[in-house]
Amino acid sequence: MGRITLDKVQKAFGEVEVIPPLDLTIEDGEFVVFVGPSGCGKSTLLRLIAGLEDVTGGQIRIDGNDATSVPPAKRGLAMVFQSYALYPHMSVRKNIAFPLRMAKMEQAEQDRRVQAAADVLNLSDYIDRRPGQLSGGQRQRVAIGRAIVREPSAFLFDEPLSNLDAALRHGMRLEISELHKRLDTTMIYVTHDQVEAMTMADKIVVLQAGVIEQVGSPLELYKTPRNLFVAGFIGSPKMNFFDGAEAAKHDAHTIGIRPEHLTVSTTEGMWKGTVGVAEHLGSDTFMHIHPEANPSETITVRVGGEFSATHGDTVFLTPASDNIHRFDADGMRMG
Amino acid sequence: MATQHSRSAARIMMAPAVFLLLVWMLVPLSMTLWFSVRSYLPLRGGDQGFVGLENFTRFVTSSAFWPAILTTLIIVGGVLLISIVFGILLAMLLDQPMWGQGVVRILVIAPFFVMPTVSALVWKNMFMDPVNGLFAHLWRFFGADPIVWLSDASVFSIIMIVSWQWLPFATLILLTAIQSLDSEQLEAAEMDGANPLARFAFITLPHLSRAITIVILIQTIFLLAVFAEIFVTTGGAFGTRTLTYLIYQRVLESQNVGLGSAGGVYAIILANIVALFLMRIVGKNLDR
Numbered sequence: 464m465g466r467i468t469l470d471k472v473q474k475a476f477g478e479v480e481v482i483p484p485l486d487l488t489i490e491d492g493e494f495v496v497f498v499g500p501s502g503c504g505k506s507t508l509l510r511l512i513a514g515l516e517d518v519t520g521g522q523i524r525i526d527g528n529d530a531t532s533v534p535p536a537k538r539g540l541a542m543v544f545q546s547y548a549l550y551p552h553m554s555v556r557k558n559i560a561f562p563l564r565m566a567k568m569e570q571a572e573q574d575r576r577v578q579a580a581a582d583v584l585n586l587s588d589y590i591d592r593r594p595g596q597l598s599g600g601q602r603q604r605v606a607i608g609r610a611i612v613r614e615p616s617a618f619l620f621d622e623p624l625s626n627l628d629a630a631l632r633h634g635m636r637l638e639i640s641e642l643h644k645r646l647d648t649t650m651i652y653v654t655h656d657q658v659e660a661m662t663m664a665d666k667i668v669v670l671q672a673g674v675i676e677q678v679g680s681p682l683e684l685y686k687t688p689r690n691l692f693v694a695g696f697i698g699s700p701k702m703n704f705f706d707g708a709e710a711a712k713h714d715a716h717t718i719g720i721r722p723e724h725l726t727v728s729t730t731e732g733m734w735k736g737t738v739g740v741a742e743h744l745g746s747d748t749f750m751h752i753h754p755e756a757n758p759s760e761t762i763t764v765r766v767g768g769e770f771s772a773t774h775g776d777t778v779f780l781t782p783a784s785d786n787i788h789r790f791d792a793d794g795m796r797m798g
Numbered sequence: 007m008a009t010q011h012s013r014s015a016a017r018i019m020m021a022p023a024v025f026l027l028l029v030w031m032l033v034p035l036s037m038t039l040w041f042s043v044r045s046y047l048p049l050r051g052g053d054q055g056f057v058g059l060e061n062f063t064r065f066v067t068s069s070a071f072w073p074a075i076l077t078t079l080i081i082v083g084g085v086l087l088i089s090i091v092f093g094i095l096l097a098m099l100l101d102q103p104m105w106g107q108g109v110v111r112i113l114v115i116a117p118f119f120v121m122p123t124v125s126a127l128v129w130k131n132m133f134m135d136p137v138n139g140l141f142a143h144l145w146r147f148f149g150a151d152p153i154v155w156l157s158d159a160s161v162f163s164i165i166m167i168v169s170w171q172w173l174p175f176a177t178l179i180l181l182t183a184i185q186s187l188d189s190e191q192l193e194a195a196e197m198d199g200a201n202p203l204a205r206f207a208f209i210t211l212p213h214l215s216r217a218i219t220i221v222i223l224i225q226t227i228f229l230l231a232v233f234a235e236i237f238v239t240t241g242g243a244f245g246t247r248t249l250t251y252l253i254y255q256r257v258l259e260s261q262n263v264g265l266g267s268a269g270g271v272y273a274i275i276l277a278n279i280v281a282l283f284l285m286r287i288v289g290k291n292l293d294r
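In order, the protein sequences belong to chains A and B.
Residue 464 is where the first sequence starts when you use the working numbering, and the numbers rise one by one after that.
Residue 7 is where the second sequence starts when you use the working numbering, and the numbers rise one by one after that.
In short, the hints are calculated from the structure, not lab data.
Quick caveat: nothing in here was measured; it's all calculated off a predicted structure.
Built from N, CA and C at the ideal position, the CB exists for glycine as well.
Certain hints may be false.
[What the hints assert, rightly or not] Partial selection, computed: residues in chain A whose CB lies under 8 angstroms from chain B:
no., residue
1, Leu515
2, Pro535
3, Ala536
4, Gly539
5, Phe544
6, Pro562
7, Met565
8, Ala566
[Unchecked claim] Label-pair restraints from in silico Cβ distances:
no., chain 1, residue 1, chain 2, residue 2, range
9, A, Pro483, B, Phe148, 55 to 65 angstroms
10, B, Ala116, A, Pro551, 52 to 62 angstroms
11, A, Arg592, B, Ala116, 43 to 53 angstroms
12, B, Met19, A, Pro551, 33 to 43 angstroms
13, B, Val91, A, Pro551, 20 to 30 angstroms
14, A, Leu744, B, Leu99, 30 to 40 angstroms
15, B, Pro212, A, Val678, 37 to 47 angstroms
16, A, Glu641, B, Ser215, 35 to 45 angstroms
With the sequences and hints as input, model every part of the structure.
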């Protein structure tokens, strides 16, 4: 079981309020991702749930029980840290067994659980090595192993992949998702990388300056962003925004169109522009286009497959009319 | 620019320093070795020629030799124990955020900058004097008879004085080591259910092991040579005669340079054995 409820949870460091009162419910078995730019309070929120920081106000409930002043070890949660925080002087086996040893579990049961975790995470080959002798990805696995042996009611991940290189990050992303499917345990995952959020989450919580901007499934956030911040943060490349006359045509203060919802033609279209930088990836082509009406601006366009255009070419853009996001003067979504 | 030219230029520029260091070390060493095989009694006939290893056997068979070795080991061991145990405690205390941290840290380090002779005299006259010392007043305040520290608890007194001087050094080294401990490791241990004592035993102490070996190594080498503290307090009486002090007595009080030099050679060997032994431990720790 792992249903976590935050009720008006608030955190201030001295005078500085990092998280204004905030409500959130995380259902049992859900994979929830906290995402936001750095300094938005997402790690602080995770540490509040873990119990590594004390809340200034409000209540944290785990499976209905008030856990606000319960010490971290008693909350039944396990955490994977950004730096992995492995104990450098212990072997992999001892690292994984540490929480069991602290719980004074029988040696036979400890061995059984460590072996099971090692099998799940393919750690058996280097179980007697020290963390210093392992690669980044292996250390990451040991950190996860140390978390799963405790059989916690929820896992907390604090930017666990940010120290890995791109290829490894992709692999570990899959492994963590796989692990979630297999264990079916609540997972809370903090990241600043919206790709990780989109690919792994059941539910994304977008945070900015300690405030929840929107909560929803990845596709909900993609299709109906509640405000300009979420619209700009979710989706890669970033959504294009237009103010003024173009927006007025749609009866809005600002309109937003995703790069994949613009069609490009060399002959005709709504907006004329010149190609700035064109990135040819083979599978996709990303073009940064300077519109004729306002050449200092840049519109990003994504075209599936190869599109032969180079710097300085003239192209025409047409937005898909049913994929235009409209926002009012306060930046909130309209209609 | 590690060209042939720049390398030879570097060698030429280093040469004076290397030369000076070598002379500094080799001249006293070879003189000690030279005198140790001669009978040299400055007030009783001067240099009386080569005597082989006689000085060496006489030094070891003297009734003062083994007690001196034992005293040396007790003082070195005692000071190491006190400075490491209290050094760790002080370092953890100073690592806590508090008001006036900078000033407090400097004050804690201060005893290290006091000359050994001065600190020994301060301890002898201000604290340990059986009539006017602060300890004597304290004892009398509780109605007890003051302890005559330097004669009744002489070795312990020396250990206290020397520890007071070396504790700051240990604290300083251990404090920097504690500060380099990744706080996420402690948090991870906390999440793993380790109580403060277990966190200390399983995380902090292993993290400090390297710093502790370095403290032991450096302090041992210096503590084997403790002299001023004994000279100005007990003068080697009441069982406080260490190997260093014995050598001093042989040379200056008995005026037997040959015998003292033989003792010096023993001291060199002893220090090197200790250093080699400790270097191995440090090396092993550094490998990890």
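(Q) For a quick check of understanding: which of the numbered hints are violated here, in increasing order? (A) 4, 10 and 14
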